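**Q** Sequence:
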Amino acid sequence: MTRQKETARHRLAAMPSGRRSKYMMLVFWLVLVAAAGPLAIKLTEVQDNDSLGALPATAEASRAVQRAEEAFPDSQKPLAVAVYVRESGLTDADRAKVDGDRTAFARYADGQVPPPVASEDGQALLLSFPIAGDADQRADAVADVKEQLSRDAPASLRTALTGPAGGEDDVFDAFAGMDSTLLLATAAAVALLLLVTYRSPVLWLIPLITVAVANQLASAVVYLLARHAGLAVDFQSQSILTVLVFGVGVDYALLLIARYREELRRHADRHAAMAVALRRSIGAIAASAATVAIGLLCLLAAQLPSTRGLGPVGAVGIAAAFLAMTTLLPAVLVIFGRWLFWPFVPRYAPDAIGLDVAAEHGVWRRIAGFVGRRPRAVWLGTAAALVVLSFGIGNLSIGMPHDESFTKEVGSVTGQRMIEAHYPRGAVAPAEILAAAGPADQVVAAARTVPGVAEVGEPEPSPDGRWVRIAAVLAHTPDSDAALDTVNRLRAAVHAVPSAQALVGGDSAYLLDEERTVGRDNRVVVPLVLAVVFIILVLLLRSLVAPLLLLASVVLSYAAAMGAAGLILDAMGYPKLFVGIPLQTFLFLVALGVDYTIFLATRAREETARLGHRQGVLHALTVTGGVITSAGVVLAATFGALSVLPLVPSVQSAVIIGVGVLLDTFLVRSLLVPALALHIGPRTWWPSALARPTFRPVAAPPIERAPAAS
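Numbering of the sequence shown is given in the numbering used here, commencing with residue 4 and proceeding in unit increments.
Source of the hints: derived by calculation from the structure; they are not laboratory data.
Computed from a predicted structure; not experimentally measured.
Worth double-checking, as some hints may not be accurate.
DEER-style ranges, computed between Cβ atoms [stated by the list, open to error]:
1. A191 <-> A485: 44 to 54 Å
2. P404 <-> R617: 29 to 39 Å
3. K411 <-> T452: 41 to 51 Å
4. A96 <-> P117: 14 to 24 Å
5. D124 <-> D102: 13 to 23 Å
6. D124 <-> R230: 46 to 56 Å
7. V199 <-> R161: 43 to 53 Å
8. D139 <-> G40: 20 to 30 Å
By construction, the Cβ of each residue, glycine as well, lies at the ideal position given by its N, Cα and C atoms.
Whole structure, please, built from the sequences with the hints as guidance.
**A** Take a look at the structure:
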């Protein structure tokens, strides 16, 4: 089996590094990009952003929506709520403005516009009506409604548009052009870091162009799957796709180019150097890609549609990055030759073997020496620092109010706050009870006995007379814990009415069901991801102890990342996490964090077989330190690009993942893991042959030489 694997690696390495096949590989990719480009541009056409706010079909809020759509087919349009406020009391001119707007809004409404509803303090009026038309028509209608609101308004009269229609329009406005902005921000961050890393005016362009090609391929494949296979794609998953492909793809490029640079010193022929570099690095790159891709596919076990849809989209991106970086990138590097590294061109040196290469890594050689002298103190100190950082989790809480979800003030949030100041706090988003028509009076009576329900409206019968719809205004803000508790009590009360078949929906009910769904997803997906990562590590390292150490280190790193991010997000004013953030960031930090330990551990295993355990671990740390650190900084920067999006959850993801990747890069992979491996000794590789007392390295470590003058 081992010989078959080696033969397969030789064949794979020969394809992009061969004297003739490298040109065939380039032509293949040019044809592929020509076909993929037009499809990639169409990806936004198949976006379905409804899944961003969807719940499982089994959730009560979802069943309530479905029943309402079936029973009241002509009234399932998003509600626009225009609010007018004058703190000193409404004037006749204000009321005339409202009457004029009501007449103007009639052409956009699905049905009649009801009379305005006055607040008890006489300072506010509300106009609520459903917007007619499809999505595009609604967008134009809402724009006209906003313009009408601001037109000829009396001085000092405050107006705003809120409700589902206003919120939907604010989201579309916020994300207008954001796909190109995110792509440019990501590419700029990667380009800058590659330029600093390679200090070459040319080399940085090659991985950047290659990863851009991979992004085009991934976008095209996702488009085809969305168009013909029913794959759900939304703005969130498309944004993550871009960041993943750039971040992970450049990581693979850094690893391959670093190994290629090493081999160029050992081989006069660049084709042979690339073949060896690719053969020796493709295992780690493939294991990394498999870990992240399979980890992402674990999200298919989630029930929340926005979380579940992220899995296959991200997995496609990882596969595209892996394919491009192991076929196109090596072919291009070999075609252009050594001069790409100018002014630091690696020259062929026949004696550049073993630890001679490590002489070039002065900083990391000193770090390896520090870890090697006192491994127990290093891992204990690093673990203690991570534990201390994790205490910052106390600054975070789960559950983000709607009015705090944007990084800037928007009209729908302003309108919601205006309504809450002058009406019962739940008036803008009442709970909606759908029940059988027969016991409707009993349902109303039961709802009125529930603590926290401020007002219960009269039953509205469906056109066929089978069902009724009842609005229940809550006494508290719709997204508060008190409102969610009220919905729980309301559901219990109306469910108890015989033959009512009552369902409770609305915004507060949605939030309650979302919280429950996310809790279930956390309990299912987190153990599944850990199990998958553990199995991959066992197969890769042929050990049980090392995978357990690596997995424990990554989980500790995640806890520390959440704690450190808690301090940062609290200082930024964003400590209330969107409910899906913990699971999504856990997945990325575990899967991506294992990436770097895979790069280190596979090199350590390779060097242990040649040099022995202690020298092998230290040598692996020395020669991989620079490239893995650069890869971590690049990945943190690419995820940091998510902060350009105008939503607080995106900023929270950027901070948590960015901090987590940096902690994993500079503390976990550089200090904790190698120190633990040294402290435990060869037993790290148990039960493989490397852990046996009878094991002898293939070659004793050569005498370390001083670095040659440059």
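**Q** All hints, please: hold or fail.
**A** Evaluated hints:
no. : hint                      : in the structure
1   : A191 <-> A485: 44 to 54 Å : holds, 45 Å
2   : P404 <-> R617: 29 to 39 Å : violated, 54 Å
3   : K411 <-> T452: 41 to 51 Å : holds, 42 Å
4   : A96 <-> P117: 14 to 24 Å  : holds, 22 Å
5   : D124 <-> D102: 13 to 23 Å : holds, 20 Å
6   : D124 <-> R230: 46 to 56 Å : holds, 53 Å
7   : V199 <-> R161: 43 to 53 Å : holds, 50 Å
8   : D139 <-> G40: 20 to 30 Å  : holds, 26 Å
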